[in-house]
Amino acid sequence: MKAFQRMTKVHPNLASPQRNLLQLTDQGSRREEAEVLTVWRKSLLFNCSGFTVYDAKGNLVFRVDNYGSGCKSEIVLMDATGKPLLSIRKKRQLSLGDHWVIYNGEDSTNPLLSVKHHVSMRHKKSLADVTPFFPSSSSSSFMVEGSYMQRCCILQNNEGQHVAEIRRKEVATSSGGVNFGDDVFQLVVQPEINMCLAMGIVIALDQMTASRPYLIRSWSS
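Remember, the numbering used here sits 17 above the position in the sequence shown when you count from 1.
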């Protein structure tokens, strides 16, 4: 109950009806303006870990509910009704950095994107590389720069265009600004990238860099 009350202070319209946000490759629903999402690193369900994501109007749009028991071999991003949108899995391999794979829905055979932790002393600002898993994929390549742990990083495409940004959420008050800390932040998504994919990349980044990981930590293929 306390968690619910805390979230209503972030966005009051907790019970607002959600809208049918996106389809993974539907170009017909292309947005004309940036969407500002509020990401809460907590599930609304009791005894669960995960994410709860709201749009600028306070409508619930994405959620991750990872139960304490049962299968934990994947992280599933769902819409507000619980429909699986993406599955994010860690690929176990012999390398210096983490490698996460994003699948469409609950599919386990056709990966969409590869998210690899960037390990380089020459490019210290680069955090991760995001590439389509197959050359024929319509998805673009991206690079993540900045610090996810500081909630200050950008996602840019292969043309150098900033298509998404992670930043701290602050609310202005009469006595000054209120910072919600690391567990509540904003994800600004430009029209050039699908919001669902952007949130999937955020989940992969969270698993790569979080100081207190609480979702799954391994998956082998």
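Do not rely on the hints blindly, as some may be mistaken.
[Said to hold, decoys possible] Under the rule of at most 30 Å between Cα atoms (straight-line distance), these lysine-lysine pairs were calculated in the DSSO-like manner:
| no. | residue 1 | residue 2 |
| --- | --- | --- |
| 1 | K74 | K108 |
| 2 | K142 | K186 |
| 3 | K186 | K59 |
| 4 | K186 | K74 |
What the hints contain is simulated information worked out from the structure, not anything from laboratory work.
Hints, verified against the model:
no.	hint	verdict
1	K74 x K108	violated (36 Å)
2	K142 x K186	holds (22 Å)
3	K186 x K59	holds (15 Å)
4	K186 x K74	holds (15 Å)
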